[in-house]
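Full structure from sequences and hints, please.
Following the numbering used here, the numbering of the sequence shown begins with 1 at its first residue and continues without gaps.
Hints should not be assumed to be uniformly reliable.
What the hints assert, rightly or not - Ranges between beta-carbon positions, derived for each pair:
#	residue 1	residue 2	range
1	Gln-302	Ser-103	15 to 23 Å
2	Gly-227	Leu-345	28 to 36 Å
3	Pro-261	Arg-321	44 to 52 Å
4	Glu-368	Val-146	39 to 47 Å
5	Val-281	Arg-102	25 to 33 Å
6	Gly-358	Leu-198	36 to 44 Å
7	Leu-198	Arg-102	54 to 62 Å
8	Pro-230	Arg-102	55 to 63 Å
9	Glu-223	Ser-303	43 to 51 Å
10	Pro-261	Glu-70	42 to 50 Å
11	Glu-44	Arg-95	32 to 40 Å
No lab work stands behind these hints: they were computed from the structure. From the three backbone atoms N, C-alpha and C, an ideal C-beta is built for every residue, glycine too.
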Amino acid sequence: MRLSLRTALLAGALIASSGAALAEPVSLAQALAQGAEKSPRVAEGKAKADAAEARARQAGASPNPELSVEVENFAGTGVFQGFRSTETTLALSQRIELGGKRSARVAVASSERDFAYLSYRAAEADLARDVRVAHAELRAAEDRAVLARENVAQARELARTARLLVEAGRDPPLRQLRAEAVLAEAQAEEARAFGELLAARRLLADLIGSSDPELSATPIYDEAAPGALPPATPSLDEQLAAAERDAAQARIRVAQAEAVPDITASGGVRRISDGRETAFVAGFSIPLPVRNRNRGGIEAAQSDALAGEAALAQARLNASRAQHDARMLLGAADARVEALSGPSLAQAEEAVRLARIGYGAGKFSLIELLDAQAALTTAKLALIEARLDRARALAALIRANARARD
1 MRLSLRTALL AGALIASSGA ALAEPVSLAQ ALAQGAEKSP RVAEGKAKAD AAEARARQAG
61 ASPNPELSVE VENFAGTGVF QGFRSTETTL ALSQRIELGG KRSARVAVAS SERDFAYLSY
121 RAAEADLARD VRVAHAELRA AEDRAVLARE NVAQARELAR TARLLVEAGR DPPLRQLRAE
181 AVLAEAQAEE ARAFGELLAA RRLLADLIGS SDPELSATPI YDEAAPGALP PATPSLDEQL
241 AAAERDAAQA RIRVAQAEAV PDITASGGVR RISDGRETAF VAGFSIPLPV RNRNRGGIEA
301 AQSDALAGEA ALAQARLNAS RAQHDARMLL GAADARVEAL SGPSLAQAEE AVRLARIGYG
361 AGKFSLIELL DAQAALTTAK LALIEARLDR ARALAALIRA NARARD
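Here it is as structure tokens:
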């Protein structure tokens, strides 16, 4: 079995790309800082928080007074012809809010401001988690690509050795065909590994706003896990749900206040043209709450508040479960990394070295050498996956423990 020319060219191009990619590694700290600076989702969250802050300031404003001019008794008939009997009234009116509308409105805007701020912090925490995972996935993809390239080099050397042994009459031709098949499989796996590398590179580049076509990730295998949150300390997700609940409760006051009619008071001066006399006018108006007492709005606000309470309770459960699951997965990944990076890996490498020497000397068969190489590849891939699982669990734990900054 041989690779097609197209596959071979693809593998060669990807190999060249990987060599360049390892020249400019990006640390996790750099990726986190660059992502926070350039991410559209963080910029969106900040803009929404700024907008909520502005609305909170505006919520305390009182209604503007109204200036009105009214002209009566002109362009009529009889004594009202022309403008001789015209009466002109200049008045100023002010709507007076009753029922605590202003304070209720301010309370809602303040709660929405807090919610928007916490949403902004949640967007930062979500981005940091995604960047951590993408950085670890790129590092794992690079490790798998390097391993695939090493396997191709070993398979190529094995095929050369098998050919020499067949030409010398020490092995049947079937051994050479088997070695060439192993080489073709290794080259196909190399192409797949480098394709995954390019995809992982693109993902991290999108998250941190990088246009570097040679983006690479520095290894980080020993980052410490964060400690548990202090007792009775809410996570960011709980704080976010609590802020949403508070806003829903504040809207009940707004709905109740809207059921109370406002008074509009007015006062002004009236001038009568024919006698050139003036007089003061005053008055007030109030809507009659006969048909609309906002009962539906009050009931809807109360239901929303109940939903907010339930959402907060669910957020507490989710936060507790997320922290517990992340710690369990992190502990399991730590145990796997320790087991896979111990003596067993060195023993597998030594077994391949001895099998390769023995095969060249005619003491081991090709199958025994292939089994040793497969065992070493499996061990290395398992270690790469265990480190990746640890990074994912650590990212999930850091996100689960996230809190709003003071």
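Outcome of the hint check:
1. Gln-302 / Ser-103: 15 to 23 Å: holds (19 Å)
2. Gly-227 / Leu-345: 28 to 36 Å: Check passed, 31 Å falls within 28 to 36 Å.
3. Pro-261 / Arg-321: 44 to 52 Å: holds (49 Å)
4. Glu-368 / Val-146: 39 to 47 Å: violated (25 Å)
5. Val-281 / Arg-102: 25 to 33 Å: Since the Cβ atoms of Val-281 and Arg-102 sit about 28 Å apart, the hinted range of 25 to 33 Å holds.
6. Gly-358 / Leu-198: 36 to 44 Å: holds (38 Å)
7. Leu-198 / Arg-102: 54 to 62 Å: holds (58 Å)
8. Pro-230 / Arg-102: 55 to 63 Å: Violated, since Pro-230 and Arg-102 (Cβ atoms, about 38 Å apart) do not stay within the stated range.
9. Glu-223 / Ser-303: 43 to 51 Å: holds (45 Å)
10. Pro-261 / Glu-70: 42 to 50 Å: violated (24 Å)
11. Glu-44 / Arg-95: 32 to 40 Å: holds (36 Å)
Of the numbered hints stated above, those contradicted by the structure are hints 4, 8, 10, listed in ascending order.
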